[in-house]
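Chains as they are written, first to last, in our numbering: chain Z, 26 to 374; chain P, 355 to 824; chain F, 10 to 86.
These are calculated hints, taken from the structure and not from any lab test.
The reader is advised that the hints may include incorrect statements.
Claimed, not checked - Derived pair list, reagent style DSS-like, types lysine-lysine, alpha-carbon separation capped at 25 angstroms:
(1) P:Lys357 with F:Lys38
(2) P:Lys804 with Z:Lys28
(3) Z:Lys28 with Z:Lys151
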Amino acid sequence: MSKILIKGNSAIVRGALLGGATHFFGYPITPASEIAHSAAELFTKSGRTFLQAESETSAINMIYGSSAAGARVMTATSGPGLSLMLEGVSYLAGCELPSVIVDVQRAGPGLGNIWPEQSDYNTCCKGGGHGAFKNIVLAPASGQEMTDFAYKAFDLADEWRMTVILLSDAYIGQMMEPVGFPEEAKHGARKDYAVYGDAESRGNLVSSIIMNQQGLAELNAKLQAKYRRAEEELVDWEEQQTDDAEYLLAAFGITSRIASTAVRMLRADGIKAGLFRPKTLWPFPSGRLAELAGQVKAMGVAELNDGMMADDVDLAVAGTVPVHRFNWFGGYVPSAEELVAQVKEAYNG
Amino acid sequence: MVKHTKPKGFYDEFLRKAPEGGPAAGTTHYCPGCGHGTVHKLIAEAIEDMNIGDRTIFLSPVGCSVFAYYYMDAGNIQCAHGRAPAVGTGVIRTRDDAIVISYQGDGDLAAIGTAEIVHAANRGENMAVFFVNNAIYGMTGGQLAPTSLLGQTTATTPFGRLQEREGGPIHMAEVIDALDGPVFVERTTLSNAAGVMKTRKAVRQALSNQVERRGFSFVEILSPCPVGWKMTPVQSRVWMKEEMEKNFEVKKFRDRDHVTRSSGRMNLMDDDALLELLLPAEGKEAVSTAKLEEELRVKICGFGGQGVLSAGTLLANAAIVDGLEATWLPSYGPEMRGGTANASVVISSLPVGSPVIARPTALLAMNGPSLDSFEDDVVSGGLIIVNSSLVKQKVKRDDVKVIYAPVSAMASEAGFIKGANIVMLALYLLNAEAPSLDGLKSVIPRLIKKKELVDVNLKLIDRAEEFNKG
Amino acid sequence: MGVIVAENHVEVNADLCKSCRVCVETCPKHCLEIGSGINALGYQAVRFDSEECTACGMCFYVCPEPGVLTVIKGADK
Numbered sequence: 026m027s028k029i030l031i032k033g034n035s036a037i038v039r040g041a042l043l044g045g046a047t048h049f050f051g052y053p054i055t056p057a058s059e060i061a062h063s064a065a066e067l068f069t070k071s072g073r074t075f076l077q078a079e080s081e082t083s084a085i086n087m088i089y090g091s092s093a094a095g096a097r098v099m100t101a102t103s104g105p106g107l108s109l110m111l112e113g114v115s116y117l118a119g120c121e122l123p124s125v126i127v128d129v130q131r132a133g134p135g136l137g138n139i140w141p142e143q144s145d146y147n148t149c150c151k152g153g154g155h156g157a158f159k160n161i162v163l164a165p166a167s168g169q170e171m172t173d174f175a176y177k178a179f180d181l182a183d184e185w186r187m188t189v190i191l192l193s194d195a196y197i198g199q200m201m202e203p204v205g206f207p208e209e210a211k212h213g214a215r216k217d218y219a220v221y222g223d224a225e226s227r228g229n230l231v232s233s234i235i236m237n238q239q240g241l242a243e244l245n246a247k248l249q250a251k252y253r254r255a256e257e258e259l260v261d262w263e264e265q266q267t268d269d270a271e272y273l274l275a276a277f278g279i280t281s282r283i284a285s286t287a288v289r290m291l292r293a294d295g296i297k298a299g300l301f302r303p304k305t306l307w308p309f310p311s312g313r314l315a316e317l318a319g320q321v322k323a324m325g326v327a328e329l330n331d332g333m334m335a336d337d338v339d340l341a342v343a344g345t346v347p348v349h350r351f352n353w354f355g356g357y358v359p360s361a362e363e364l365v366a367q368v369k370e371a372y373n374g
Numbered sequence: 355m356v357k358h359t360k361p362k363g364f365y366d367e368f369l370r371k372a373p374e375g376g377p378a379a380g381t382t383h384y385c386p387g388c389g390h391g392t393v394h395k396l397i398a399e400a401i402e403d404m405n406i407g408d409r410t411i412f413l414s415p416v417g418c419s420v421f422a423y424y425y426m427d428a429g430n431i432q433c434a435h436g437r438a439p440a441v442g443t444g445v446i447r448t449r450d451d452a453i454v455i456s457y458q459g460d461g462d463l464a465a466i467g468t469a470e471i472v473h474a475a476n477r478g479e480n481m482a483v484f485f486v487n488n489a490i491y492g493m494t495g496g497q498l499a500p501t502s503l504l505g506q507t508t509a510t511t512p513f514g515r516l517q518e519r520e521g522g523p524i525h526m527a528e529v530i531d532a533l534d535g536p537v538f539v540e541r542t543t544l545s546n547a548a549g550v551m552k553t554r555k556a557v558r559q560a561l562s563n564q565v566e567r568r569g570f571s572f573v574e575i576l577s578p579c580p581v582g583w584k585m586t587p588v589q590s591r592v593w594m595k596e597e598m599e600k601n602f603e604v605k606k607f608r609d610r611d612h613v614t615r616s617s618g619r620m621n622l623m624d625d626d627a628l629l630e631l632l633l634p635a636e637g638k639e640a641v642s643t644a645k646l647e648e649e650l651r652v653k654i655c656g657f658g659g660q661g662v663l664s665a666g667t668l669l670a671n672a673a674i675v676d677g678l679e680a681t682w683l684p685s686y687g688p689e690m691r692g693g694t695a696n697a698s699v700v701i702s703s704l705p706v707g708s709p710v711i712a713r714p715t716a717l718l719a720m721n722g723p724s725l726d727s728f729e730d731d732v733v734s735g736g737l738i739i740v741n742s743s744l745v746k747q748k749v750k751r752d753d754v755k756v757i758y759a760p761v762s763a764m765a766s767e768a769g770f771i772k773g774a775n776i777v778m779l780a781l782y783l784l785n786a787e788a789p790s791l792d793g794l795k796s797v798i799p800r801l802i803k804k805k806e807l808v809d810v811n812l813k814l815i816d817r818a819e820e821f822n823k824g
Numbered sequence: 010m011g012v013i014v015a016e017n018h019v020e021v022n023a024d025l026c027k028s029c030r031v032c033v034e035t036c037p038k039h040c041l042e043i044g045s046g047i048n049a050l051g052y053q054a055v056r057f058d059s060e061e062c063t064a065c066g067m068c069f070y071v072c073p074e075p076g077v078l079t080v081i082k083g084a085d086k
């Protein structure tokens, strides 16, 4: 496979088009704007649709309409834009409409700044909008995964009739790496619930309002059953040097890259470290973490937030091993050296 | 002969409303005398007469008409409050042949959804918007609407709407008429039979515009809300005539020359064309097989405009050509525009872990501040190359290799001052384990966008080689 | 000795009427009135009682309910 050096934010658009995306509606925001730039060029040139909306609120509702009309549709944004989109994400969930959202995380709260954080974790992994729903959350850690996850996201969204969020960050989005691309283009199939403006779909209704309590309770029960099934079937993760690890670092996205180097440095210093990197943040790979808790002496969770994933790790290991928290905010990204120093301090006391 | 009866644009029975059937499945959920039912009827009749039921996608809003999908025999989408024009944009951009109807009330369209309606109208989306203005919030219990009249008493203006407090009523037809996008804008009234018949005509015009793909049509319909206004249905129509129509001028604002509007979309590429567009061209497989024992961490720093970021991409590309892994991470944002900039490039035989460089193995300092900032970080035994054209101070460290090279002057002498970054990069490659200088030479013709600059860049590499020989 | 098969008239589906009186007020020939019976929805439904009907359809269009009124045009006299 030939590779080109490309920004994660550009790679994702190519993966999406090859994955069958036909429509992109978005609103520019740093550090996600290159996605809109690439989409404006490549969706348009390939005869697909790119439209810059007047706001993220409108963008997500364009997605709602386009998905209701049967398209494979996506947007890209960052934290402040994601907040505006959450209304629509809840409606998508209520209607079980598929969609793909890329969140290139920046630092918050508020306008914050344009450097990386991973503080949209809870917003994305715990649902985010009103009502009890979930999104499938994939955490790319490289330009290659930006492409690969975008490529498969539309199949996942269609199959599960859910929103798939690619939870990236400013560094994974802005960084250039060699990336190879899948050599087969995929296409979405006709959806029996969508409205196509034809006789066959004339009887269809896309709606999330169910006025009788029993009917809405039944929808919720159906959604929850689907989510339990997803927890069984969709979890995905990567392990590095966990076979004999006594200290397990858990991290996703950009911090997993730093942790990967840190594991190598810790081993050079005589500490048998390993890396656990969730590729799906929801569903969260709790089962495997619980297994590893029986093997290692301690765990550490490195993330650019206040310990959002660490909460899920705590739940998974249920107090059986100490879980150290290594947290940074404000757009500051630590070096591997800094992480190593913190691990040593926490582990060796 | 039946002249007028329940139009076929309605479902025969409203089973989404009353699954059990019977009279409840024959009536609307609207209060007695409400205008919504009349507007629904006019639309349903037009759908039947124009034979567009199969093609129609009807958008229900939030408000009293949230359940319009109970009645309209079409593809139905229920939308979030105010967002129907954005939803409709998504639909019509997906189904070129659909007839998209956005049906909205005054809270939906003129309060929470002002951005969506204004921009859909301004883009001239192929859709028909029916805006039912009854000057009050019906469903939530009679609160102030953006279109409530001054002095009007509502649940949230118990002492009457006051200009100084709530502002005056918003005139949406006039707002929409201020935009270039729409082809048809009219305000009608349901206060009397003649008004209803004019509304009927406007509805049909708006839908016929859709059939002909003429663009965006907007019909504002003044409509009674007897219960919300605390009047009888008959009184409410009198109030419309005497109060509402004085404030909201009933008129046709615009009926543009009818021209079919294209989707503006380019030809749809098939799979082969898409792959050709997206995949890298053949023949760029890595040819060389450089091996590195330790990863290289290169920090390239300078003023914005000195080409440090592009030098970084050239370096990373040269590494890939040599079969190595690489990451390129920019410092970016405001500092790119005039301040200092730097690129971090990590090169390795193994997949790169952290792209963040705390301890560079090499520092390429294009200006003084860069040397000040990063000199102490360089690993012992590392390399610092200093642009001595601009940097007057000397490196203080004695445990690193230092090269002073006037790269700006060298580039300037060659007549291309912007090539200083290439000289710097070439000097680095001449003194680094990898990638090879040949790798750099091979990527320049591909990556330099201005083709007339390829030769001068290659010439600068020759100068760097001469300089390096001493 | 022609027998008029059908006069202009309005058929009322009385069970669906909400008694808003808008048709009563609108009819130029005063062909409609509110009846005294109570329908399935609890309203006093409108009823048609006149030979003046021109089948103009105004009652049909102003009526907010989809299925209450059907206007029949009679054969030419």
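Legend entry - Structure versus earlier hints, numbers of those that do not hold, lowest first: 3
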